[in-house]
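Asker: Below are the chains, spelled out letter by letter.
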Amino acid sequence: MSSSTDWPLWEVFVRSRRGLSHTHAGSLHAPDAEMALRNARDLYTRRSEGVSIWVVPSTAVTASSPDEKDPFFEPAADKPYRHPTFYEIPDGVKHL
Amino acid sequence: MTTTANAAALALGDDALVLSHRLGEWAGHAPVLEEEVALANIALDLLGQARVLLSLAGDEDELAYLREERSFRNLQLVEQPGGDFARTIVRQLFFSVYQRLLYGELATGSGPFAALAAKAVKEVAYHVDHAEHWTLRLGDGTEESHRRMSRACEELWRFTGEMFQPVDGLDLDWRALEREWLESVTGVLERATLTVPEGPRSGAWTAGAGRQGVHTEPFGRMLAEMQHLHRSHPGASW
Amino acid sequence: MTAVTVDTTARYEAVFDATVAADERIEPRDWMPDAYRATLIRQMAQHAHSEIIGMQPEANWITRAPSLRRKAILMAKVQDEAGHGLYLYSAAETLGTSREELLDKLHAGRQRYSSIFNYPTLTWADVGAIGWLVDGAAITNQVPLCRCSYGPYARAMVRICKEESFHQRQGYELLLTLSRGTPAQHEMAQDAVNRWWWPSLMMFGPPDDESAHSAQSMAWKIKRHSNDELRRRFVDICVPQAKVLGLTLPDPDLRWNEERGHHDFGPIDWTEFQEVLKGNGPCNEQRLAQRRSAHEEGAWVRDAAAAYAEKHRAEERSGHQDPQEATA
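The listed protein sequences derive, respectively, from chains Z, Y and P.
When you line the first sequence up against this note's numbering, it's residues 3 to 98, in that order.
When you line the second sequence up against this note's numbering, it's residues 92 to 329, in that order.
When you line the third sequence up against this note's numbering, it's residues 9 to 336, in that order.
The following label-pair restraints were derived from C-beta to C-beta distances:
{"hint": "1", "chain 1": "Z", "residue 1": "20", "chain 2": "Y", "residue 2": "146", "range": "33 to 41 angstroms"}
{"hint": "2", "chain 1": "Z", "residue 1": "61", "chain 2": "P", "residue 2": "19", "range": "26 to 34 angstroms"}
{"hint": "3", "chain 1": "Y", "residue 1": "202", "chain 2": "Z", "residue 2": "20", "range": "32 to 40 angstroms"}
{"hint": "4", "chain 1": "P", "residue 1": "236", "chain 2": "Y", "residue 2": "146", "range": "48 to 56 angstroms"}
{"hint": "5", "chain 1": "P", "residue 1": "173", "chain 2": "Z", "residue 2": "17", "range": "21 to 29 angstroms"}
{"hint": "6", "chain 1": "P", "residue 1": "215", "chain 2": "Z", "residue 2": "20", "range": "51 to 59 angstroms"}
If we take Cβ atoms under 7 angstroms as the criterion, some of the chain Y residues that face chain P in the derived model are:
{"hint": "7", "residue": "142"}
{"hint": "8", "residue": "151"}
{"hint": "9", "residue": "320"}
I should point out that these hints are in silico values taken from the structure, not numbers from a laboratory.
Note that the coordinates shown come from a computational prediction; the quantities given were computed from them, not determined experimentally.
The C-beta atom is built at its ideal place from N, Cα and C for all residues, glycine as well.
Work out the full structure, taking the sequences as your base and the hints as a guide.
Answerer: So this is what it looks like as structure tokens:
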């Protein structure tokens, strides 16, 4: 029953108190930036853990590999076939 | 507390108590997980306000659990069943704009409600914001969401006149409050491409005697559910 | 693109193994064995599903909570569970799956949630028993997960454990109040403990020698202790707590074993466990049906918000300002 319009993913950064920088708290889904901010407030600061929140579309984050100098750690993000969910397995198939 | 202040505490406290209960009914049923968290936040704010207000008037649990339907002083608007999410959002919009104006006024005074109002006004500003954002998205979203919002506005409109009946113990300019409310709500509905309903908001043929203890049929059921356990064990502590 | 040679994979694997062995965390973009990824997705999804299905048995009592204080506590607790579900879904999403996909699998019955939530909450005391026993068992399981080898999962668990500390205490306090209340309240509390005790012990999973995934998960440091070890620890914790409550645990074989330094307890009915797991518990259908209906009935809301966002993005694009600049 997947909805055709899944809400995009946002990364949430919270400044826990004045004098500290924003740190990554997690992510959430929201239809747009305004709602993302509100959802972030509800989810990541419901015990008053923050004084300021940033939200960034997850797709706007460019990440380096864990160790840039070493091609050894070639990012796996562009290899969806590495993910088990890339493959459709019929129901009832076990130990896979 | 004077008798009139007591009556006012009950009116405001019952509004918050009953709406909190109605929002609590969404737990596990919200359209998306993020909204589970948001609706619960609002319900918890309201319950907190209710507890302070009822405690001003007496014992919070006795007042919540042992009064009969006819003794409750809440608006009929807040006791209306949630229905679909559109109806819940419209109910939130109508009520939280009212509460924002009301608490805004009370916070500037020095009466028995000033301290509570000063704290609540911040909470309520967020409730208004939540309702406005959803009103825009549902009103101006899809054809279906627009239709559902229009219907909810039409259905709940008749319950909005009651909000501006003067409440004993609250010395406010109710006419001015009503003008501001209409202006705010009209602004949001128009931005959301919704039409402000034309039906009556006051008069004998509409709703509006919750403050006098006259409620709508769904309220009795709501109370039966809310009070049943507490009443089944007279004198017990929980 | 060059083919990944067996040799390269072996080198990747060596780094992965070394990272785990050094008690360092694996992060989302690191290379990891496919089976490690699959195990984590399965476990995190099940954990997330348990949080959101787990809202139902307790939400069942929100509208009937017998005091306003208890009502506020219960609402906050059920809200936390939604929040914990969100943390866990977002941790799972770092592995390349999506919440939508995981929810679809839950709704289709292709992914599981903890079987404990297929038992009904028949009385108010069940809210207390869930807090004390079910959350207690969950915490025993979860605390070691804060040191799980997968970074996002471990971080989510740190947050969750911190927030959950009140969950178990409120349950215990609730039961204590009932136990010391009227005879009817005491009886209600005892009845709830009688019904929730055995299912709580089953929450640690099958015995070690029959557990399908245990050994590999221990090696990967996704799991830190065996099922039986955690179960023993839980029983040892609960017995003195039950005494203070003035309630008994429904197991005639339960007694301290000086030699082992643990309590002995009676045999667990694994047939019941298997049956509930298969879908034959008292509430399996009801829980899943409510979850599906909430999701389906919410579709128009999610669609509307997406349509609104799309409409307004389009408006911004056709305006003069570059939206990136405008918000800077």
